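Participant: Sequence:
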Amino acid sequence: MQEKRAIIHFRCVSADHQQLRGSASDTLTIHEGKWAYCPHDVRIVGHEWSDTGGVTLEAARSAQRRPAK
1134 MQEKRAIIHF RCVSADHQQL RGSASDTLTI HEGKWAYCPH DVRIVGHEWS
1184 DTGGVTLEAA RSAQRRPAK
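So for the sequence shown, the working numbering puts the first residue at 1134; every next one is plus one.
FYI, nobody ran anything at the bench for these hints, they're computed from the structure.
As the structure is a computational prediction, the values presented were derived from the model and not from experiment.
Incorrect hints may have been included.
What the hints assert, rightly or not - Pairs of lysine to any residue, SDA-like flavour, derived with a Cα cap of 25 Å:
1) Lys1167 with Ala1148
2) Lys1167 with Arg1194
3) Lys1167 with Gly1187
4) Lys1167 with Arg1138
Sequences are here, hints too, so could you generate the full structure?
Facilitator: Have a look at this one:
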């Protein structure tokens, strides 16, 4: 039987939240009833949630914030 993986539906794209601050276990939370990932810390304020379209945790962690044009 194939193992089910958590699907991350939101990723925080706040410029201030792109550096991992503490434990990687503090990077997941629930937003609008679905899993959400913040590279910095989900316990702080100021998140800017972006819909991922549903990606694996590995993909959410490896996503890089694109520079503003």
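Participant: Check each numbered hint against the structure and report the violated ones by number, ascending.
Facilitator: Of the numbered hints given earlier, the structure breaks none, since each of them holds.
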